[in-house]
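*Asks:* Next come the chains, spelled out residue by residue.
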Amino acid sequence: MLLEDGAWFPGTAPIPFEQTYAEVVFTTNLSGYQEVFTDPSYLGQIVVMTAPMIGNYGINPEDVESDRPRVAGVVVRELSLKPSNWRSTGALADWLAEARVPIVEDVDTRQLTRHIRSKGAMRGAVAQGEQPSDDVRAALAASPSMDGLDLATHATVAQQYREGPADARRHIVAYDYGMKRNIVRLFVQHGCRVTIVPAATSAAEVRELEPDGLFLSNGPGDPAAVTYAIATLRELADGTLPIFGICLGHQLLGLALGGETVKLPYGHRGGNHPVRDLATGQVLITSQNHGFAVRGDTAGVPGAKALEVTHLNLNDGTVEGVKHREYPIFAVQYHPEASPGPHDAQGHFQQFLQALDTQ
Amino acid sequence: MPKRTDLRRILLLGSGPIVIGQAAEFDYSGTQAVKALKEEGYAVVLVNSNPATIMTDPELADRTYIEPVTPEWVRRVIERERPDALLPTMGGQTALNVAMALARDGTLARHGVELIGANARAIQMAEDRAEFAAAMRRIGLATPVGRVAASVADALTIVTETGYPAILRPSFTLGGTGGGVAYNRAEFEELVERALDLSPVHTTLIERSVLGWKEFELEVMRDHRDNVVIVCSIENVDPMGVHTGDSITVAPAMTLTDREYQRMRDAAIAIIREIGVEAGGCNIQFAVNPADGEMLVIEMNPRVSRSSALASKATGFPIARIGTKLAVGYTLDELPNDITRTTPASFEPVLDYVVVKVPRFAFEKFPTADFRLTTQMKSVGEAMAIGRTFKEAFQKGLRALEAGRSGWTLGPTLADDRVTSDSPEDLRVALRTPTPERVFQIKRALLAGLPVEAIAEATGIDPWFLYQMEELIAAERWFAGARDIGPAELRRMKRLGFSDRQLGELRRTSEEAMRQRRWELGIHPVYKTVDTCAGEFPSSTPYLYSTYDAETESEPFGERGIIILGSGPNRIGQGVEFDYCCVRAGLAFRDLGYRTIMINSNPETVSTDFDISDKLYFEPLTFEDVIEIVRWERPKGVVVQLGGQTPLRLTKPLEAAGVPILGTPPDSIDIAEDRERFEALARRLGITQPANGTARSVEEAVRVAQRIGYPVLVRPSYVLGGRAMEIVYDDASLRGYFEKAARVAPEHPVLIDRFLEDAFEGDVDAISDGRRVVIAGVMQHIEDAGVHSGDSACVLPPYLIGDRQVEEMRRYTKAFAEALGVVGLINVQYAIKDGVVHVLEVNPRASRTVPFVSKATGVSLAKLAAAVMVGRTLDELGLPDDLPLRGVAVKEAVFPFTKLPGVDTILGPEMRSTGEVMGLADSFGMAFAKAQIAADGSLPLEGGILVTVNDSDKPTVVPIVRRFHEMGFRIVATEGTEKYLRARGVPAERVAKVHEGRPNAIDLIVSGDVQLLINTPLGKFTQADDYAIRRAALVHRVPYTTTMSAASAACDAIIALRSRTGSVRSLQEWHERTRTEKQPHEAKPPTASRAPVAKS
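Chains as they are written, first to last, in our numbering: chain Y, 1 to 359; chain X, 10001 to 11096.
Don't read these hints as lab results, they were simulated from the structure. A virtual CB, placed ideally from N, CA and C, is assigned to each residue, including glycine. You may find that some hints are simply not true.
Some chain X residues close to chain Y (C-beta under 10 Å, calculated; not the full set) [stated by the list, open to error]:
| id | residue |
| --- | --- |
| 1 | Phe10172 |
| 2 | Val10229 |
| 3 | Ser10233 |
| 4 | Asp10462 |
| 5 | Ala10550 |
| 6 | Ser10554 |
| 7 | Ile10661 |
| 8 | Tyr10799 |
| 9 | Leu10939 |
| 10 | Leu10941 |
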């Protein structure tokens, strides 16, 4: 594991892999590695697990957030050789290997995490060999930076599809920028019909589907780079449709309404981030996975007068939620769908559905 | 909302003496609570009868009452102090029960005292099994099918629904007292009777057995704005059926998927809301069916607990401290995370390491006790270890136990691992019964080729843990067979947590050689921080653990640093009193401008609170672990004299490694421990010792014993707590001793002393700066010589020892301290027989009685010891030659007999008490009475007394029984005693002995016809009759005494209790009074109202 600033973290490879270059981030989730690895928001990222023992309960067909692992690479302190859990259908290492995801083991992941924390998220390479080679160094230097990188276009679905019963009372159109499966599951559980559309779907096409509400999903990459989506949302956020956004969807909404996004030094990734609901004063423990954030504070979002800040992160004061001052439009930076992570914020789904009903 | 301003004075209840199930963890939580309240400007009134704790240090609370933690005595404190609120959640079940009693009887309402932290309704709902089960049903959660029985008949109906095995859980008892598993009707009836009896409300829950299910615990906190966080998840390696206190446990949970974990988390949040814990923490236990993930709620404790102490140490999130602040009105988001100091407390800690807790048992001291582990807790302490992987933490935890294993190693013999052979069949059978040794039996089973699946089936342990153990065995084989030991080999093994000693054994070389090789290769551990956030935020608190990884986060203190070695896991003979000394001294070093570095492995204690020292290393106290820290820190010196035998044992190797030892020179410690050198010293000083000798073989032992004359006291050298110490009366029993109790070999000599029958014992604690010696306290034991000093009640000042002998003890102690060049603390034990003072032993270190003496006199010995160790003189510290003392202080021992069925309650030279209490009063009788009440041995004021004593005690017992008779007690005695009493004019009724038919002595006890038992065993062998009588008294909670001196003291105490109501007074007031009245010399106790008990 080599970082772009030259820091090198030796480890071992339980399974041979091809060298890979990507942004290196860490997540502090204690459990839920399978959900993390299949979360499309991690596209283009090498994920360092701060939890030291990964793979204990193996893998199973239910705990996936997309059809395959999406991470560019996995770095762990120790991989469990043999899993144990009543739902387990196999070992994590085999599953990652099958998906050709590089795994590096035996790394001092705490040292690596502390490095990223103090120096910021940066590009890195995982490659095999005793020492970092010049080739690897050169290729790492030439690899693209996350800043300005549109990855949603890569993470989205190719074609529109439907989920949920056809006769459901409520119909939601969901922009898939790299959507986690649990979001759709929760909508369906709440009695909705969901039409999942590709990121590039135009506003007119969305309106043709006659949704009761519009959902903007999570996804990877720099939100500011997804210019077409921002433009489309600007059209759609005119008050005619209730809109609910999560994570990248939240950032895109912020940009569409005139706000700005900034790259966080090392992002928020984990399942323990405290967020204050400014309306009630209550603290939610949330699941998070983002490297960018909408700029703002209690006073509001600069440039987006229509937006009111509803949630703030208690650790660093960054914006965690916004809502439109007039229209039934709101979004959160964290993941109310959890999976992995705590369920404290799942109420946002009901909040959205209520907005639909009062529409 | 910030803190409440309508409260000014808050009463805090401690948990009383250390007992199984309620130990040092409540000193930790109570101390945090006091500090947190003081920090917020509240006046804190504390009640705790346990003098060995830090929380009762008079410098902590504003008013410290060392009084019994019972409704009656706490009421007196309330009447006197008029607190605004009572915080009942920091002192275990004891505090909760007392608070509930005071709420129920109206005391709290009458005096306007508000319960904070948990209200009476929440406590009631959580503690009452039926109400709890109903609450769970309301929120859609399942509990094991169960109903509450109030009678045996009820119970028999219920068990037809649950089936066998059935689980019993008596209501409102601590540590699962009286609980158990019944496999058949006979066992069931017996257990139900005991459970009903032990439950203060005489009900017990009968549950469906979930034996073999996986067991988890969550630590939950909630504030009054309904913010909830989960501080920690804990997974038990041992499945349901073994009390969590007796289980090896791991944090965080290892084998739960996120989906399962979140379901448990959701349940926990729903539970704390439904029960209505409004501002504080609770612990919730779950069982999970390994086959299909079905989850049941087992129980909830609406207070801090052993697990919350463990969770605090495991995560760095101080639950008791935060819980206290929530109780006075703060919300989680208003409080800072004390470790990062930049992020708020309303978050959930994440771990980038694995924590393993291992229980420590004391069955070696209770050979007749049932060693099977059940739902009733039996362990007396625990060690915690932190590693980057389960394997590393597991091995560190096992060596941190200090139970003779250097990691996950086999015992030297099959019996040490409680198996009869290494055959797979025998092992499989053994594995079915949970015992302290099962984890080692698993190793034998894996080595014998038993597959993981078979072991999992027999033990109910999740295969994941067994796979981890399998990996350790694979690594051992690989290492043992490696051609050469290079850096790769050593690094891999060290990362798996193997100690140098284990590696040496695998390569058939010594620990030292292995370490030498490792050091040559430059392989050392690194130190990482416990920071609550897995490195996501910078942390400013140096709470460290070792691991073999790449980066170290500890900056050495160098010459400014002083390392204090703690006392490791609590055990009988080495408990919280040594932790008190370590903490007190650590704080003193800080005040003197040094940086304190604490090393300890005990998660229950105050010393392992990261707030107490400048740096905490949570590490095993083995030479290897300590020397690596010393090597890294390069401190000014290491303190070994405060933590009991654990650090003392490291003195020689540390000195040999060139490590500076602060205080008393190591050679003096050797003189005191080495029989021959010590004898020479005593002779040179002209101080009498009981005739004695050392033997290195059985034959030599017999020769020595014959030379000095029976009875003799035998014991192995270098022991604490009287381990394997016995009084033997003839050759045959001496030989028997070597067969069952102790090995003797040239490298394991035994010490043999003439046993002075019917002598008084005295204990002296003193402090020396190397120039001047000050006697801190002279104590007299209430029990006769032959009862271990830790098990004997003792009184300060002495009440039956003559002035001349007291003076001699003081002089001798000074002579020893001077001769040994003591710098710091010294304790000397004496026996006084026929007016002659004999020295029994000299301990140039902190003794068990240091906190007791400190609290009685108001002079903090451990604090002074720290100062003299860094060169201050006693003159500079302003310590006078005589420490004044007002009043009488009695220390009483507390025993684990109710927790350990099958154990006789007779006292002997082997220490068996787990804790102690203190009674402080103007008279001996009242001080003794308070101590008895605090020790849960309430004394009757009227009623019947059953007397059955052996012939040699009969003359002594007469005046005692006469006094009882004069007070109006009915005297009942067995035949011999009855005749003897009558002949001397004491009227007594006769009762049949157990074998003489019925009604007999036991019937009287069972039916409540007698309120006190005076019993001494007939001869040296415990007769079955006597044993049964004593057990009956224990089970039916009839106070009993097994020595004449204790019986006499009990009589004094009852007289005191009958003549006046006991008054309460805080330590601060006692000490103030002492200072103002300027007592010229140790006061004679006011109530030497009778002649000394005649000794036959």
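*Asks:* List, from low to high, the hint numbers that the structure doesn't satisfy.
*Replies:* Structure breaks hints 1, 6, 7, 8, 9 and 10.
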